[in-house]
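> Those protein sequences? They're chains E and G, same order as listed. Residue 117 in the numbering used here sits at position 117 of the first sequence, and the numbers go up by one each step. Here the numbering used here runs 1000 ahead of the position in the second sequence, where the first position is 1.
To be clear, the hints were calculated from the coordinates, so they are not data collected in a lab. Cβ coordinates follow ideal geometry from the N, Cα and C atoms, glycine included. Possibly wrong hints are sitting among the right ones.
[As the list claims (entries may be wrong)] Dumping the calculated DSSO-like pairs for lysine-lysine here, alpha-carbon to alpha-carbon at most 30 angstroms:
1) E:Lys199 / G:Lys1216
2) E:Lys211 / G:Lys1329
3) G:Lys1214 / E:Lys201
4) G:Lys1216 / E:Lys144
5) G:Lys1346 / E:Lys201
6) E:Lys199 / E:Lys218
7) G:Lys1083 / E:Lys269
8) G:Lys1216 / E:Lys201
9) E:Lys218 / E:Lys201
10) E:Lys211 / G:Lys1346
11) E:Lys291 / E:Lys302
12) G:Lys1214 / G:Lys1329
13) G:Lys1213 / E:Lys218
14) G:Lys1346 / E:Lys199
15) E:Lys211 / E:Lys269
16) E:Lys57 / G:Lys1213
17) G:Lys1214 / E:Lys199
18) E:Lys201 / G:Lys1213
19) G:Lys1214 / E:Lys57
20) G:Lys1214 / E:Lys218
21) G:Lys1425 / E:Lys218
22) E:Lys199 / G:Lys1213
23) G:Lys1216 / E:Lys57
24) G:Lys1213 / E:Lys211
[Claimed, not checked] Residues on chain E that point at chain G, a partial pick, calculated with CB under 8 angstroms:
25) Ala46
26) Arg53
27) Asp168
28) Ser172
29) Val214
30) Ala246
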Amino acid sequence: MCRLIEKCCQAPLLLLYLAPFLVIVPAVAGTSFPGIGRPATPAEIAAWDIDVRPDFKGLPPGSGSVEQGQKVWDAKCATCHGTFGESNEVFTPLVGGISAEDIKTGRAASLTKPEVARTTIMKLATVSTLWDYIRRAMPWNAPKSLATDEVYAVVAYLLNLGDVLPNDFVLSDRNIAEVQARLPNRNGMTRNHGLWDIKGKPDVTNTACMKDCVTEVKLGSALPEHARDSHGDLAQQNREVGPARAKPEAAGAPAPPAAIQPAELARRKACLSCHGVDNRIVGPAFRDVAKRYKGQDGAEAKLLEKLRRGGSGSWGALPMPPNPDLAAADATTLVRWVLGL
Amino acid sequence: MPGPGRIVRAPENFLDATQIADVQAGRRDFLRGAFLAAAALGSGRATAAQGDDPAILNLPEHSRALGQPVAARGYGLPSEHEKNLQRRESPGLTRVGGSSVSFAPLQGLFGIITPNGLHFERHHQGWWDIDPTQHRLMVMGLVREAKVYTMDDLMRLPAVSRMHFIECGANTGMEWGNVAVPTVQYTHGMLSCCEFTGVKLSTLLDDCGFDRKKGKFVLAEGADGSSLTRTIAMERALDDVMVAWAMNGEMLRPENGYPLRLVAPGIQGVSWVKWLRRIKVGDEPWAAKDEALHYVDLMPDGTQRQYSSIQECKSVITTPSGGQTLLDKGFQNVTGLAWSGRGRVKRVDVSFDGGRNWRTARLESPVLPKCLTRFNIDWAWEGGPAILQARAMDETGYVQPKINQLRAVRGTRSIYHNNAIQSWKVAESGEVTNVQAY
Chain E
1 MCRLIEKCCQ APLLLLYLAP FLVIVPAVAG TSFPGIGRPA TPAEIAAWDI DVRPDFKGLP
61 PGSGSVEQGQ KVWDAKCATC HGTFGESNEV FTPLVGGISA EDIKTGRAAS LTKPEVARTT
121 IMKLATVSTL WDYIRRAMPW NAPKSLATDE VYAVVAYLLN LGDVLPNDFV LSDRNIAEVQ
181 ARLPNRNGMT RNHGLWDIKG KPDVTNTACM KDCVTEVKLG SALPEHARDS HGDLAQQNRE
241 VGPARAKPEA AGAPAPPAAI QPAELARRKA CLSCHGVDNR IVGPAFRDVA KRYKGQDGAE
301 AKLLEKLRRG GSGSWGALPM PPNPDLAAAD ATTLVRWVLG L
Chain G
1001 MPGPGRIVRA PENFLDATQI ADVQAGRRDF LRGAFLAAAA LGSGRATAAQ GDDPAILNLP
1061 EHSRALGQPV AARGYGLPSE HEKNLQRRES PGLTRVGGSS VSFAPLQGLF GIITPNGLHF
1121 ERHHQGWWDI DPTQHRLMVM GLVREAKVYT MDDLMRLPAV SRMHFIECGA NTGMEWGNVA
1181 VPTVQYTHGM LSCCEFTGVK LSTLLDDCGF DRKKGKFVLA EGADGSSLTR TIAMERALDD
1241 VMVAWAMNGE MLRPENGYPL RLVAPGIQGV SWVKWLRRIK VGDEPWAAKD EALHYVDLMP
1301 DGTQRQYSSI QECKSVITTP SGGQTLLDKG FQNVTGLAWS GRGRVKRVDV SFDGGRNWRT
1361 ARLESPVLPK CLTRFNIDWA WEGGPAILQA RAMDETGYVQ PKINQLRAVR GTRSIYHNNA
1421 IQSWKVAESG EVTNVQAY
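From just these sequences and the hints, can you work out the full model?
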């Protein structure tokens, strides 16, 4: 008995003896890389946690009316998407191609008709997708600049333009699920295919025939004649040595112009995202700007001011946003280049 | 600087119509004669004896003088003579360059690695050169603890390096209905392949203690204007998905997501989120715009496939290819690329008669899963018309289909996932054009 007691007493003594040598690990549960990364703060999470799911998890409270939406639309959306959301000048059309019948069935019938151009409203199956996208990525040149209520308003107006919502509708987090039930293609999507899972079953198969596989080879398609020169001088797209060359372009075709420094600046500063040199994109063509201001006194100063503070909508409904971060020297280079076109 | 003895550039880059006619008529020797004549004209020296190449007899400047010093260019560039190989836009494909594609010049590349400067691009709201010291990655959602990492943090974690292809789901998409573009750059150039270095996504998910029971999906989100998001299956995320900072030995290029991007092997390019800022663990897919509304495959009955992700087995001959002209009859090395999002390429067969008969090509090593594989095959061109095709098979046994087989199931307006066998027609003139033959 004495031995037993001795042994029992020894154990706690043993622990006491060892205690100073036990290493206490900091209590960061589960991490095997101490000191790498740190917890995100609630404000940080809130700043970036902007996704909205089809079950509307993540949707912030708020509301916006079709009427309010029209104001936002005309000021910030119409230039790219058209006053009625119908434009295909910059991006694919947003509305068109659906019917009241589609709203009932939830299947946009004209998706089977190749002659009907596919619009966003013909495809959209979840209104959360629209809300989420507009909030994170729109307007195209100033994403994440819309307030929550403005996003509600724009979504309401867009669906109104698409004949899904009436003129007096006020969209909010409380009724958005009802709107979901009205989408004309809400039943038109499927996830039943083999391209999600790496072990998914392919829907098209071929056999590895090696000999006498077809009796007659059908030449189904070739590049149409009018498209022959659509991609420039192909001789300039292959190297000068090797097993094959390219046919030179037909005589008389112009060589591509050497890159001009201001043009490169215009590309880097994203001016060319909205202004073509010869064509209107979102804003006027630079050559048209040059034409308008040709010979005008003070044109340079006027345009410099517009560049810095933003336009006044003198070329269309959408004024140019201000460019406060554009260096003065760059601004002068760009304005002089444009005026000289 | 012109002067006696300067090598005149041989007229190798251009065959004018007369010269092509000569080739067609079998007057092959014209090439050598024209070469000599031009050299003699330009050099101002006595014409070399018939058969002697002035390029050899007249020592070039670089054999008789001092060249440039080391580190003349701190970051080296390709030869001036390679300037024809650039990534390019396809005119008319999009209206704005900020939401567009540039195509890699596959016709001029070798092996399986895409040089970083020629890597294809696809942006939705333009690209940026982000300050890496200010970039953050947040991992959150169904995790025990949401965490923020700096680049310093991430680059201290256990690193892996893997070689993978990235292909846009819309690659070759413009040819679902018919031939639309002239060269392999435009038919297949939304394709590139790099050795990526980064940390496994599973390492980060474990570091945050992700919910193994409820966490079925991961959302990846970017820091650019579009803040593009895509849902990734947890099975993929835990398998081989990486959070990468390097491509081919150097940090990512700005156009490819510097300083951080997602690498999702075998999955279409849109999931490889660039300028990656956030990973969220969830229990339901998110129906992001670029998986639920765009990048959806229209079927003939009007339904559309959402969340289509896997790039199926595909191959293409890169030389000879559309827009090129074969100089001469005789021996040719026919070369191309094959790849599969479901694993390794197993075999590539090549046909020279539009698919009637096939021979198996050599695969260059390494043959890696979800990575480009280079194939080569000998061809003795006898001068007659030919239709060249490549057909790949992957380790699942799947065989790359013909365009008519794809259309029979998916119609002509699917836009995405066109992995059809590509045909190049060689005319008797040696001119190679894009056709669809089956």
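> The structure should be examined with respect to each hint, and the outcome stated for every one.
Status of the hints after comparison with the structure:
1. E:Lys199 / G:Lys1216: Answer holds: Lys199 (chain E) to Lys1216 (chain G) is near 17 angstroms, not above 30 angstroms.
2. E:Lys211 / G:Lys1329: With Cα atoms ~25 angstroms apart, Lys211 (chain E) and Lys1329 (chain G) stay inside 30 angstroms; holds.
3. G:Lys1214 / E:Lys201: 26 angstroms, holds
4. G:Lys1216 / E:Lys144: The hint holds at about 28 angstroms.
5. G:Lys1346 / E:Lys201: Roughly 18 angstroms between the alpha carbons, so the hint for Lys1346 (chain G) and Lys201 (chain E) holds.
6. E:Lys199 / E:Lys218: Violated. Lys199 (chain E) to Lys218 (chain E) sits at ~33 angstroms, over the 30 angstroms cutoff.
7. G:Lys1083 / E:Lys269: Holds, because 25 angstroms separates the two Cα atoms, which is no more than 30 angstroms.
8. G:Lys1216 / E:Lys201: Given pair Lys1216 (chain G), Lys201 (chain E) holds - Cα atoms ~21 angstroms apart, limit 30 angstroms.
9. E:Lys218 / E:Lys201: 29 angstroms, holds
10. E:Lys211 / G:Lys1346: OK: Lys211 (chain E) and Lys1346 (chain G) at ~19 angstroms, within 30 angstroms.
11. E:Lys291 / E:Lys302: 15 angstroms, holds
12. G:Lys1214 / G:Lys1329: 64 angstroms, violated
13. G:Lys1213 / E:Lys218: 54 angstroms, violated
14. G:Lys1346 / E:Lys199: Given pair Lys1346 (chain G), Lys199 (chain E) holds - Cα atoms ~17 angstroms apart, limit 30 angstroms.
15. E:Lys211 / E:Lys269: 57 angstroms, violated
16. E:Lys57 / G:Lys1213: 19 angstroms, holds
17. G:Lys1214 / E:Lys199: 22 angstroms, holds
18. E:Lys201 / G:Lys1213: Judged against 30 angstroms, a Cα distance of about 26 angstroms means the pair holds.
19. G:Lys1214 / E:Lys57: Answer holds: Lys1214 (chain G) to Lys57 (chain E) is near 16 angstroms, not above 30 angstroms.
20. G:Lys1214 / E:Lys218: Given pair Lys1214 (chain G), Lys218 (chain E) is violated - Cα atoms ~53 angstroms apart, limit 30 angstroms.
21. G:Lys1425 / E:Lys218: 12 angstroms, holds
22. E:Lys199 / G:Lys1213: Holds, at about 22 angstroms.
23. G:Lys1216 / E:Lys57: Given pair Lys1216 (chain G), Lys57 (chain E) holds - Cα atoms ~16 angstroms apart, limit 30 angstroms.
24. G:Lys1213 / E:Lys211: 52 angstroms, violated
25. Ala46: 11 angstroms, violated
26. Arg53: 5 angstroms, holds
27. Asp168: 27 angstroms, violated
28. Ser172: 20 angstroms, violated
29. Val214: Hint on Val214 (chain E): holds, closest Cβ of chain G at ~6 angstroms, below 8 angstroms.
30. Ala246: Because about 5 angstroms separates Ala246 (chain E) from the closest Cβ in chain G, which is inside the 8 angstroms limit, the hint holds.
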